[in-house]
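Here is what each chain is made of, one letter per residue.
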Amino acid sequence: GQNIDQPTEMTATEGAIVQINCTYQTSGFNGLFWYQQHAGEAPTFLSYNVLDGLEEKGRCSSVLSRSTGYSYLLLKELQMKDSASYLCAVITGDYKLSFGAGTTVTVRA
Amino acid sequence: IAGITQAPTSQILAAGRRMTLRCTQDMRHNAMYWYRQDLGLGLRLIHYSNTAGTTGKGEVPDGYSVSRANTDDFPLTLASAVPSQTSVYFCASSPDNYNEQFFGPGTRLTVL
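Order-wise, the sequence lines are chains A and B. The first sequence begins at 1496 in the working numbering and counts up one residue at a time. The second sequence begins at 15 in the working numbering and counts up one residue at a time.
Just so you know, not all the hints are guaranteed correct.
[Said to hold, decoys possible] FRET-style restraints, in silico, Cβ to Cβ:
1) B:Ala28 with A:Leu1549: 49 to 55 Å
2) B:Ser79 with A:Gly1510: 47 to 53 Å
3) B:Arg58 with A:Thr1506: 22 to 28 Å
4) B:Glu114 with A:Leu1569: 18 to 24 Å
5) B:Lys71 with A:Glu1504: 45 to 51 Å
6) A:Leu1546 with B:Ala28: 28 to 34 Å
7) B:Ala66 with A:Ser1562: 26 to 32 Å
8) A:Val1545 with B:Gln25: 33 to 39 Å
9) A:Val1545 with B:Thr91: 30 to 36 Å
10) B:Thr124 with A:Thr1601: 43 to 49 Å
[Claimed, not checked] Residues from chain A that keep clear of chain B, each with C-beta distances beyond 10 Å, as calculated:
11) Ala1507
12) Lys1552
13) Ser1560
14) Glu1572
15) Ile1586
16) Leu1592
17) Val1602
In short, the hints are calculated from the structure, not lab data. Cβ atoms here follow ideal geometry from the backbone N, Cα and C, with glycine treated the same way.
Pulled out of the complex, with its shape left as it was, chain A reads as follows:
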């Protein structure tokens, strides 16, 4: 089976930075996605990494280290609307997407 681990919950202050870690042990690797999901809504795409290194888009950055099976998502200048669940997902060797259980981030004023 696939093993994708991320913290269950995190709390951060408005205007600050939060880093959400994800470790994975999967049968094959073809890329890693981060999705955002607000309560009661569908997941939406945030970022994609397939090679080691940094991907940046607006206030969101993601880093991948394939050799260690590790990624993190960095959210900067946090806003109240960033309160949501953040899902780490790996495309495995058979090209299926396997998700972690998600990290619920609460942004406080």
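We have chain A; now place chain B onto it with these hints.
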């Protein structure tokens, strides 16, 4: 239609009944997927289709069936619903099986 839609939005179903969840996309994506999302377990893949006319089993396929007669539609059928199938069901599509997936709004299903 814009994007990916699901119907119904929510449903309460008696155990033993047959139910089909509908999913339609207008983006001409080749690949489509069905997931269920349960508290603490994250999204789990039920069935998928890499292209029209083909389907495959995901992580939790038992009790579910799918068909992919054309590019746009990917219905999920519960032949005889059981309470453990109470969940939120998300349909998704992607241009190919290694691209970003786009998710529908979800169907909240309760089996009593």
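*asked:* 45 to 51 Å was suggested as the range; check whether the CB atoms of B:Lys71 and A:Glu1504 agree with it.
replied: violated (32 Å)
*Minimum Cβ separation between A:Ala1507 and chain B greater than 10 Å?*
Non-interface label on A:Ala1507 holds, nearest chain B Cβ at 21 Å vs cutoff 10 Å.
*Is 49 to 55 Å a correct range for the gap between the Cβ atoms of B:Ala28 and A:Leu1549?*
holds (52 Å)
*Whether the CB-CB distance between B:Thr124 and A:Thr1601 falls inside 43 to 49 Å*: Since B:Thr124 and A:Thr1601 have Cβ atoms about 27 Å apart, the given range 43 to 49 Å is violated.
*Between B:Arg58 and A:Thr1506, does the beta-carbon spacing fit 22 to 28 Å?*
holds (27 Å)
*Confirm or reject the statement that A:Glu1572 sits farther than 10 Å, beta carbon to beta carbon, from all of chain B.*
Non-interface label on A:Glu1572 holds, nearest chain B Cβ at 24 Å vs cutoff 10 Å.
*Against chain B, does A:Val1602 hold up as non-interface, every C-beta pair farther apart than 10 Å?*
Holds, because the least Cβ-Cβ distance between A:Val1602 and chain B comes to about 21 Å, which exceeds 10 Å.
*Is A:Lys1552 truly not at the interface, in the sense that its beta carbon sits beyond 10 Å from all beta carbons of chain B?*
At about 12 Å from chain B, A:Lys1552 clears the 10 Å cut-off, so the statement holds.
*Closest CB of chain B to the CB of A:Ile1586 still more than 10 Å away*: For A:Ile1586, whose nearest Cβ neighbour in chain B is about 6 Å away, the distance does not exceed 10 Å, so it is violated.
*Check the following: the C-beta atoms of A:Val1545 and B:Thr91 are separated by a distance inside 30 to 36 Å.*
Since A:Val1545 and B:Thr91 have Cβ atoms about 35 Å apart, the given range 30 to 36 Å holds.
*Given the range 26 to 32 Å, decide if the beta-carbon distance of B:Ala66 to A:Ser1562 lies inside it.*
violated (38 Å)
*Was A:Leu1592 rightly flagged as not at the interface, with every chain B Cβ beyond 10 Å?*
Not fine: 6 Å to the nearest Cβ puts A:Leu1592 too close to chain B.
Hint check: violations occur at hints 5, 6, 7, 10, 15, 16; the rest are consistent with the structure.
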